[in-house]
Amino acid sequence: MTGRAILLMIGKRLVALVVLVAILSFLVFSLVHIAPGTAVDAYLGGKPATPELVQLLTERYHLDEPFFTQYWLWLKDALVFDFGESTLTTLPVTDEIGIRLGPSAFLAVYAYVLTVLLGVVPGIIAALRQRKLLDRGLVAGAVVALSTPPFVMGILLLYLFAVLVPIFPAAGRGEGFFDQLWHLTLPALALALCVAAFLLRHTRASMINVLDQDYIMFARARGLSWGHVLFRYAFRNALIPVVTVSGALLAFFFAGAVFVEATFSLGGIGELLVQSAQSSDMPMIQALAILIAVLIVLANLLADLAYVAIDPRIRFEGRSA
Amino acid sequence: MSPHTEPTLTAGRPVLEVEGMRIERTDIGAPIVTSLDLQLAAGESIGIVGESGSGKSMSAKALIGLLPEGVVASGTARFDGQNLLGLSERQWRSIRGRQIGMIMQDPFTMLNPVMRCGRILEESLLPERRLSRAERRAEAIRRLAEVGITDESVVERYPFQLSGGMRQRVAIAAALARDPKVLIADEPSTALDVVTQREVLALIKRIQAARGMALILITHDLRVAFATCDRIQVLYAGSLVETGRADDVRERPLHPYTQGLLLSEPPADRRVRQLVAIPGSVPSAADVQDRCSFSSRCRWAEDACRDGVPALAEVGEDRHSRCIRLPEIGAEMAALLSKSEERAVVPAEGRSDGALIDIVNIEKVFESGGRTVTAVDDVSISVREGESVGIVGESGSGKTTIARMLVGLESPSGGEIVIDGIPVRSWSALTPRDRRKLRQTVQTVFQDPYSSLNPMRTIGWALKEAITTHDRGGGNVEGRVAELLESVGLSASYAQRRPSSLSGGERQRVAIARALAVEPRVLICDEPVSALDMSVQAQILNLLQEVRTERGISCLFITHDLSIVRQASEYLYVMHHGKVVESGPTESVLDNPSVEYTAQLLNSVPRPDGQWLVTGDADEMAATRG
Ligand SMILES: Nc1ncnc2c1ncn2[C@@H]1O[C@H](COP(=O)(O)OP(=O)(O)O)[C@@H](O)[C@H]1O
Ligand code: SF4
Ligand SMILES: [Mg+2]
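Sequence lines, in order, name chains A and B.
The numbering used here applies: residue 16 is where the first sequence begins, and numbers increase by one.
The numbering used here applies: residue 1062 is where the second sequence begins, and numbers increase by one.
So that you can see chain A by itself, here it is in the shape it has in the complex (with noise of 0.2 Å):
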């Protein structure tokens, strides 16, 4: 493909991002008012009503104007991170998010990494002593981490790691690479298992089937080493629907790591995010909904991108003999 076929792909996820975020923030938006009483109880989140708060309240949101023009000042203010102040803190929203965006981040990559490490390596090595009591051994386990929820492999974690052989922290999030890395190791195997072993099975199978294939074959029958076609051919073509499903697993990390992250005291997005649903902050609810759905699209976009790097039938979709 050539760089503008790609970059014409990038322009076009861009904007249906655009367009993606425009619906999403007028619904997000318009819950201010499809939430039970009147918009300025959605706005004071529960505090008494006195005149002075209301009066302030409304001019801030611009509760007087029209729908319409409310939502467009709204907008206008959401472009630029602004999304007004928490109900429960009265801080800024997007300072809140602030705070929390670089633990979850780093242990949403952190998971992710270990993921494709736990999955995709074991994965591999299952598919290629088939049938042995390894690639059973590892099966086996795959079936016990899927069907354990990540919070009770958290809690197990804990209470092995930290507890029993206390060799790393229970809570915190520590401060610089290496404390971060080491605080955030239990939570990210916590979060990575359940999925690694998915991801383990997904690998396995899509390697059994490649290395059946007539390619793998014709390499070695022209005397190719062992590892060459394992490296060029098997590798190469059995990580390509593994790549198409692991980009959306990093978003997943991210918002999904509310029980880990309420299990090892990490106060990330996920805590907020039940925070808020609970006390109905809804400036907070609206901020979170459309980072959220940003992040799926652009993760999204990313597996797309490696994608088209990794199999070149993708690249000339349409044009070929």
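FYI, nobody ran anything at the bench for these hints, they're computed from the structure.
Where a beta carbon is used, it is the ideal one built from N, C-alpha and C, also for glycine.
Mixed in with the good hints, there may be bad ones.
Far from chain A, by Cβ distances over 12 Å, these chain B residues were calculated [unchecked claim]:
1. I1125
2. Q1143
3. R1500
4. S1512
5. H1621
6. N1664
7. S1665
8. V1666
Chain A stretches covered by chain B per the calculated footprint, using a threshold of three residues with CB under 8 Å from any CB of chain B [claimed, not checked]:
9. 225-235
10. 244-258
11. 315-327
Chain B with the ligands: place on chain A using the hints.
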């Protein structure tokens, strides 16, 4: 610098000697190949001929050390002083590619889809030849030229950007990159169109001669083997039944199976009265370990034939046959052979008036990914009362699209279709009554009967369903089912069976019975025999012929095979790139083609003489076809 053009000085010396090779599954000990012997001299070509499942591919894999897990080979295969069947993986590394090369059947799956053709060739070159990047590229281009690809840009292309024939050429070049002494070609042309098939086989022969390489050609097509090979070995259910020089076997087969196979193949040059079909279907090697493997289908079988496995006896110079009754039945076999040469009465040339199907200037345009493809371009075809009309063309020429439009699976972009007086351009616009009437007029038989039969239901259920949707009056449905089964040569007990327990030929019989259930006036047959074994094809062709003459049904017979269309049709349309390029009475079109394309197609049909592959222009043509 060019090791592969060196002529061999050692022609005649055996390079590979296989003795009593047995291949079996380790889990249940069932044999796949019970006994295979083979002597291959340098520069010689041997054809291993057999129907699917006879163990051809397994034998090839055994000889290159790539049997699948759970399958082992025993016996000896002497090559260069060592027994191949006992080599370790390490030792195989110096044999594969360098001494023995292999190409496989399907050019669409044989090449790494994510690698450019140039890289595939470069990595296949001998690793100890330390070439620079530019030298390797130059060598890859030279290797492509050897297989008739002069377009240098092919090195930059991915396999999926090339046609089947081009891919097979690239595969051949890759298989020969380390200049092996022996090439095993496992059905190298089966997946290709007739024209391309001939080009690829001609190419293999030409390279073989130029390099003095020995060739083992594996094929299910006797004609291909005769045209390509010096010697023939016929494999049936895992054991050799006959071996001999190609000419000898062709002129006078000395085993009933070989003869049956020869007779089942419809001749391309004349119409015969009836094909001589072999009844039944191929057994598995495990089921015939204690008897003549052909005894369940042989017309000369006796008790003695089931009393132990006959030996592969020498029956002439360089000639072996595994039939114990050969001395007694030889004369009868010869008589049968000459009887089969009888020509059928050529059907009268005139066409009747009543058109049952009238296709007028029909057109079908597909849109895919912003491109438009005209699959069917201004085609007019008519099928008259009681007539069998053939449509012949290579894959992609638009044949199946026409069939799909006729039965409403696709609607035409332009033109008109009239079936029995009802205009059916758009099926959705038809009244339910018309639609029912059409279903009773037209029925179809497709290539793959399995996909159209519900695996969960019995054959009886499928037939009953067909009968009752046609005729709600009830009546004796069970009786009708039995009648239908008998009319396609199956016993009534088949009603209780499920599709999975039937062989391919039996399933196709059921599909025909189901089509007949509504007593149609036209049968559309789209490649009805191309998924079947050669020995079973003739049975089904005969059955269709019988059904047609008995019931006076018209037929639209779609196939890529000119020999089949000759036996199965009276009027013929030749299609190429979505257009009808020629039409007329079948006999006269095939005897005196008036357009170049038909002549080229005819020329590409495998002929058992050595002249078939002698061609000067085939390679240039292929290179330009892309
Ligand atoms: N991986 C396998 N394990 C066990 N049996 C197999 C395997 N592959 C094929 N077979 C059996 O080997 C027999 C011969 O197959 P094959 O050599 O592919 O026949 P052919 O090439 O003549 O069509 C078949 O009956 C098939 O069921
Ligand atoms: S041995 Fe008997 S059954 Fe077998 S081919 Fe000869 S005559 Fe037929
Ligand atoms: Mg085969």
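**Message:** Hint by hint, where does the structure go against what was stated? Just the numbers, ascending.
**Reply:** Of the numbered hints given earlier, the structure breaks just one, which is hint 1.
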